[in-house]
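Student: Kindly produce the complete structure, drawing on both the sequences and the hints.
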Amino acid sequence: MERQQILDLLVTTIVEGDQEKARENSKQALLKQIDPLVAVEEGLSKGMAIVGKRFEQGDAFLPELLMAADAFKAAMEILKPVIASQKREVASAGKVLVGTVKGDIHHIGKDIVITILETRGFTVVDMGVDVPSLTFIEEAQKTKADVIALSAVMSTTMPAQKEVIDILKEKKLRDKYFVIVGGGPVSQRWADNIGADGYGQTAVDAVELVSHLIRKKR
Amino acid sequence: MGNLMDVCERAITGPVMSEKEFDMKVFIPRLNEVVKTYGIRYDRENPVPSDDRAADHLFDAAVEFMTKVGVYCLDTNRVMQFSREEVLTAVKEAPKVCYAGEGKEAGIFGMRKPDDPKNPWLHVGSGIVSSSEEYATNIVEGYASIPEVNSVNIPGLATLRGLPVAAGSPIEFYATIRGLRIGLEGLRRAGRPGLPIMNHHPTPAVAVTAIAASAPQFGCRPTDGWLCGAMAEMKINFDTLNRVAYLLAWGANVGAESGPMLGGLCGGPAGFTLLCTAYLLMGQLVQKGDFHLNFPFHFKHICSSTRDVIWGVSMAIQATSRNIQVPTIWAPYCGAGPNTKMYFYETAAILLAWTTSGAPSIMSPHPAKAVKVDGITPMEAQFAVDMGIAAAKLNRAKANDFVIRLLEKYESQIGTPPEGSRYQDCFDVTTGKPKEEYVRLYHEVKDELSGIGIPF
Numbered sequence: 198m199e200r201q202q203i204l205d206l207l208v209t210t211i212v213e214g215d216q217e218k219a220r221e222n223s224k225q226a227l228l229k230q231i232d233p234l235v236a237v238e239e240g241l242s243k244g245m246a247i248v249g250k251r252f253e254q255g256d257a258f259l260p261e262l263l264m265a266a267d268a269f270k271a272a273m274e275i276l277k278p279v280i281a282s283q284k285r286e287v288a289s290a291g292k293v294l295v296g297t298v299k300g301d302i303h304h305i306g307k308d309i310v311i312t313i314l315e316t317r318g319f320t321v322v323d324m325g326v327d328v329p330s331l332t333f334i335e336e337a338q339k340t341k342a343d344v345i346a347l348s349a350v351m352s353t354t355m356p357a358q359k360e361v362i363d364i365l366k367e368k369k370l371r372d373k374y375f376v377i378v379g380g381g382p383v384s385q386r387w388a389d390n391i392g393a394d395g396y397g398q399t400a401v402d403a404v405e406l407v408s409h410l411i412r413k414k415r
Numbered sequence: 197m198g199n200l201m202d203v204c205e206r207a208i209t210g211p212v213m214s215e216k217e218f219d220m221k222v223f224i225p226r227l228n229e230v231v232k233t234y235g236i237r238y239d240r241e242n243p244v245p246s247d248d249r250a251a252d253h254l255f256d257a258a259v260e261f262m263t264k265v266g267v268y269c270l271d272t273n274r275v276m277q278f279s280r281e282e283v284l285t286a287v288k289e290a291p292k293v294c295y296a297g298e299g300k301e302a303g304i305f306g307m308r309k310p311d312d313p314k315n316p317w318l319h320v321g322s323g324i325v326s327s328s329e330e331y332a333t334n335i336v337e338g339y340a341s342i343p344e345v346n347s348v349n350i351p352g353l354a355t356l357r358g359l360p361v362a363a364g365s366p367i368e369f370y371a372t373i374r375g376l377r378i379g380l381e382g383l384r385r386a387g388r389p390g391l392p393i394m395n396h397h398p399t400p401a402v403a404v405t406a407i408a409a410s411a412p413q414f415g416c417r418p419t420d421g422w423l424c425g426a427m428a429e430m431k432i433n434f435d436t437l438n439r440v441a442y443l444l445a446w447g448a449n450v451g452a453e454s455g456p457m458l459g460g461l462c463g464g465p466a467g468f469t470l471l472c473t474a475y476l477l478m479g480q481l482v483q484k485g486d487f488h489l490n491f492p493f494h495f496k497h498i499c500s501s502t503r504d505v506i507w508g509v510s511m512a513i514q515a516t517s518r519n520i521q522v523p524t525i526w527a528p529y530c531g532a533g534p535n536t537k538m539y540f541y542e543t544a545a546i547l548l549a550w551t552t553s554g555a556p557s558i559m560s561p562h563p564a565k566a567v568k569v570d571g572i573t574p575m576e577a578q579f580a581v582d583m584g585i586a587a588a589k590l591n592r593a594k595a596n597d598f599v600i601r602l603l604e605k606y607e608s609q610i611g612t613p614p615e616g617s618r619y620q621d622c623f624d625v626t627t628g629k630p631k632e633e634y635v636r637l638y639h640e641v642k643d644e645l646s647g648i649g650i651p652f
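Protein chains in written order, with this note's numbering: chain A, 198 to 415; chain B, 197 to 652.
Don't read these hints as lab results, they were simulated from the structure. Mixed in with the good hints, there may be bad ones.
As the list claims (entries may be wrong) - Capping the alpha-carbon separation at 35 Å, the derived lysine-lysine pairs in DSBU-like fashion look like this:
1. B:Lys-264 - A:Lys-270
2. B:Lys-642 - B:Lys-314
3. A:Lys-366 - A:Lys-224
4. B:Lys-221 - A:Lys-218
5. A:Lys-224 - B:Lys-216
6. A:Lys-270 - B:Lys-221
7. A:Lys-292 - B:Lys-642
8. A:Lys-292 - A:Lys-341
9. A:Lys-250 - B:Lys-216
10. B:Lys-642 - A:Lys-250
11. B:Lys-232 - B:Lys-605
12. B:Lys-605 - B:Lys-629
13. A:Lys-270 - B:Lys-216
14. B:Lys-594 - B:Lys-537
To be verified - For each label pair, taking beta carbons as the anchor points, the in silico distance ranges come out as:
15. A:Gly-255 - B:Pro-614: 15 to 23 Å
16. A:Asp-389 - B:Val-212: 57 to 65 Å
17. A:Arg-371 - B:Ser-328: 24 to 32 Å
The beta carbon of each residue, even a glycine, is placed where N, CA and C say it ideally should be.
Tutor: Right under this line is the structure:
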């Protein structure tokens, strides 16, 4: 099989969300001595970008997004060790910590944000749900995150978004991280009131915001 | 179909798997299989279909889906499974009516069928759109002052004494009982103290607060309704089941609640309509609901007025109203806010579609995607009541024509709807009456809709 054919297969595999084929085609790429970083950038990431675009346009939905992400991760099981052994790493657009705040266990919106961020080349740390405010900050310090993204889907859990920002200020860490907020009852007005750096009404908005903020930082 | 202890037994003995495994290896593939097997297809051209056979077929699909998927318990990481026989028994034993309200306001929330000329149960208000303490009483009084209204939702409080109402804190408890007192005061001022409140409690996030605030000395009546929510999708946790256990032991009305999201785990419109239907089965099997509240919405636009959501819910309402007798509140969201034409157009489209499809009730849609504090007024409730009564005079075919025309008026703006006004901007906060501008707008839109044939 030709080099470009294998890269095209990697794209298709991600779009189809097939984990087994993703592993298999990644092995084929290595056997054909395709640079694993090229396999990621011109194969896997291209596939993720296609699915991400379809999702944004309403032609694909969360299941397709999740299956593509799982296929991407499956392919990376094969390619990442090889990249690491070459003392290289996949270029990242930035590091984002994403989680649902304390007292709230909703996660679907957060999961959509995470998956789209990954399609756009960001490194994402998924903090899960019901995350204490201090834990966000500790993890941001540990992972050297650029952005902390806080989801709250109930009006009674929104105050925890403010709490994270307040604690950052108390610890004199506010300027180290961008903080963005989102979730059902959250609004731009709320984000402004609590001193967040931005608000994403939809997952796509959140990702655009992250891109914009990180570009600003650099 | 067993009691809550049987549900708990399944929660601790069912097959174990991670939540992700349930989503990716059970829920999504089984949903897609059933959609394909039953040939469920989105009909973009007819947001209000008139096909009883398709509706019954959808219900059969939901029964099969329920049998294949079950319900995931987040606390035990196990799947509660139900046989086909058990699902059908739950259908047979469904409540048929819900007795709500007290004294002069005692009512029977019952069923309707597609094209039914009977008026729907008229339910208004919103819990999610948090209100400032100073306006909440006026707002509830306004709801209850609409003579045709059968039940209300009361607002949740965003702050108490200037402090944010934080989940799980004592502030949440105090805010809950304060919100309840405000709601009851509003009902009393309107002269309708027995009107049922169907959304206990809108404020608290956790069961311990909800249960504590439900003690009768704080004002709740067992003929009110409590919302006990599923998690997305087809999941439950002990927090919800604890609420259910308390209410069942008391004999209060359990409202099985669910919020299917088009574009989320169920995918597009076909999977969405199947999920909307299946949730009513889950509500009987797990939450043991005396009624159901389903709040469907579009994942991107966070509203229920998109063409595909209107279609999906119309189908689900037809499927369920023809095949299972669970009094259901289909709780919609509008993109636009109060005091905008678009809100009224969206409301008209939603209520025409769903009422003619056989919805047992109407509910005034949450304005502005339910994110605007104080972004709700009694005027939206009045319009919803007027629309519900008008819609009952129509059939699905007629409603379909109207809905298509209404979609033309607002569909292009669904991505950027007008936020509208806050209560204090379009109502006189002293008298509790709407300002002239809003009254004019209300009449202007009603005249416009009458002009195209809607029978107010």
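Student: Would you pick out the hints that fail for this structure and give their numbers low to high?
Tutor: Violated hints (numbers, rising): 3, 7, 10 and 16; every other hint is consistent with the structure.
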